[in-house]
Amino acid sequence: MSAETIEKKPAEALLSKRRKKLVTDPLIDDNPVTIQVLGICSALAVTTQMKPTLVMAIAVIFVIVMSNFLISLMRNTIPSRVRIIVQLAVVATLVTLVNEVLKAFAYDMYKELSVFVGLIITNCIVMGRLEAFALGNKPYDSILDGFGSALGYSWIILTVAFFRELLGSGAVFGIPIYDYISGLFGPDFQLATNGLMVSPVGAFMVLGLLIWVQRTKTGYVEH
Amino acid sequence: MQQSNTYIITFSVILTVVLGLLLSGTSQVLGPMQKEAIALDNKKQILGAVISGEEIAAMTPQEVNDYYNSRIASVVVDLSGKEVTEREGVAVTAETVDIAKNYKKPAEERLYPVYIYHAEGSPEAAENYILPLYGAGLWDAIWGYVALETDMNTVGGITLAHAGETPGLGARITEPGVQQRYEGKTIYNESGELVAVEMQKGEGKDYSDDPHQVDGMSGATITAKGVNNMLKNYLGYYEAYIENKKSSSSVATL
Chain A
1 MSAETIEKKP AEALLSKRRK KLVTDPLIDD NPVTIQVLGI CSALAVTTQM
51 KPTLVMAIAV IFVIVMSNFL ISLMRNTIPS RVRIIVQLAV VATLVTLVNE
101 VLKAFAYDMY KELSVFVGLI ITNCIVMGRL EAFALGNKPY DSILDGFGSA
151 LGYSWIILTV AFFRELLGSG AVFGIPIYDY ISGLFGPDFQ LATNGLMVSP
201 VGAFMVLGLL IWVQRTKTGY VEH
Chain B
1 MQQSNTYIIT FSVILTVVLG LLLSGTSQVL GPMQKEAIAL DNKKQILGAV
51 ISGEEIAAMT PQEVNDYYNS RIASVVVDLS GKEVTEREGV AVTAETVDIA
101 KNYKKPAEER LYPVYIYHAE GSPEAAENYI LPLYGAGLWD AIWGYVALET
151 DMNTVGGITL AHAGETPGLG ARITEPGVQQ RYEGKTIYNE SGELVAVEMQ
201 KGEGKDYSDD PHQVDGMSGA TITAKGVNNM LKNYLGYYEA YIENKKSSSS
251 VATL
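Chains as they are written, first to last, in the UniProt record's numbering: chain A, 1 to 223; chain B, 1 to 254.
Accuracy of the hints is not assured; some may be wrong.
[Claimed, not checked] Below are the EDC-like pairs computed for lysine to aspartate or glutamate, each with C-alpha atoms no more than 16 Å apart in a straight line:
id, chain 1, residue 1, chain 2, residue 2
1, B, Lys43, A, Asp108
2, A, Lys111, B, Asp140
3, B, Lys43, B, Asp78
4, A, Lys111, B, Asp41
5, B, Lys44, A, Glu100
6, A, Lys138, B, Glu175
7, B, Lys35, A, Asp108
8, A, Lys111, B, Asp66
9, B, Lys35, A, Glu131
Treat the hints as calculated values from the structure; they're not laboratory data.
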């Protein structure tokens, strides 16, 4: 894992090779969802449509990046005996902030997502990155690491949501693709939507297939 | 030093205070905007009982407010159907009545707002009477609005909302497909008793012949029961008002 502290070098490039790896590694090779199998609960729950999923992804990116940054700033002052509760307090505060902002500016999204946004607190990716990386690394590196992990999570849930919304509701981002296609071929041609995709079972299937495809490509095997 | 109890306690206290200030500050700053958002959402729900969700979704917040102001009039009544304009020296308007808070009081003390959907510019020409609903679902509160047509018997439409019903099961009460099942049903039976409309157990049967029954939601029997109780209770609370309107409208048609 990337937990080991990196020895100090004078003036490392802002986006050196090592730092790029911090961002790109969690996208495919060390993806938090498909490889580490973290954050599954929300990946299954919010992904019926693209729009709430996108909001969720942005919220998670914000929370992971900010908490990684803050914990990394405080890493030398946090007493190790209470570090978990300190991390939890910081994460919970950030999540509450996100929830309050949603409530003020996107009330419809708030109604739909507030349960799941609250559950970001327990998303293992957040605490996992804090424990494994932010506690032992500098703030800038921690921001990159958090951003990478959050992007890894985001693209997976957006992909799942794309297939679930397309197959389950015949739409993408609320745009009725199926209606459009039927319109091209005349009224007799109707594409049927699959109700299974709207239920959590559909998410399991899409996510399972995604993990399968990805692991076939990368050759990753669990030991 | 960092492991000493004094350090840990000091650290925790400072962290708590800083985070607490941050949160209360945010809540103070965003509070007015959140209130506005909630008020707007409430108006959308009220309008949802008489016009379709797509129409509402297409409106900007400003349009929703304008539409609401030009088409909805409101009164507040008590259990005996009498209009209430002030309570304990404070003026009462339908928009200031919190249904959830009133729900905790005994039925006789509650305030009951009525929203009257009328033709544009003429509050006399009522088209629908919209009554709020509130009750318990499976996990948490459920609420909504039911619109009665001017015969005070036919359901013109219903909106239902929930705090925490199971997604895919009880949470389906918010779907237009479920809410449309109520349209055109009647709440009084032939002998003039208030029977409301009951959602049945199971799903997929045709209840179009029965004026008091609608198709259920598979796997959400307890939420459906909650909806039934809520509807029956609240129509009961408004019965005096409904009877008043009924007799006055039948006089008017004579």
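Here is what the structure says about each hint:
1. B/Lys43 with A/Asp108: Distance of about 13 Å is within 16 Å: holds.
2. A/Lys111 with B/Asp140: 14 Å, holds
3. B/Lys43 with B/Asp78: It is violated: about 22 Å lies between the C-alpha atoms, which goes past 16 Å.
4. A/Lys111 with B/Asp41: 10 Å, holds
5. B/Lys44 with A/Glu100: 21 Å, violated
6. A/Lys138 with B/Glu175: 48 Å, violated
7. B/Lys35 with A/Asp108: 14 Å, holds
8. A/Lys111 with B/Asp66: 23 Å, violated
9. B/Lys35 with A/Glu131: With Cα atoms ~38 Å apart, B/Lys35 and A/Glu131 exceed 16 Å; violated.
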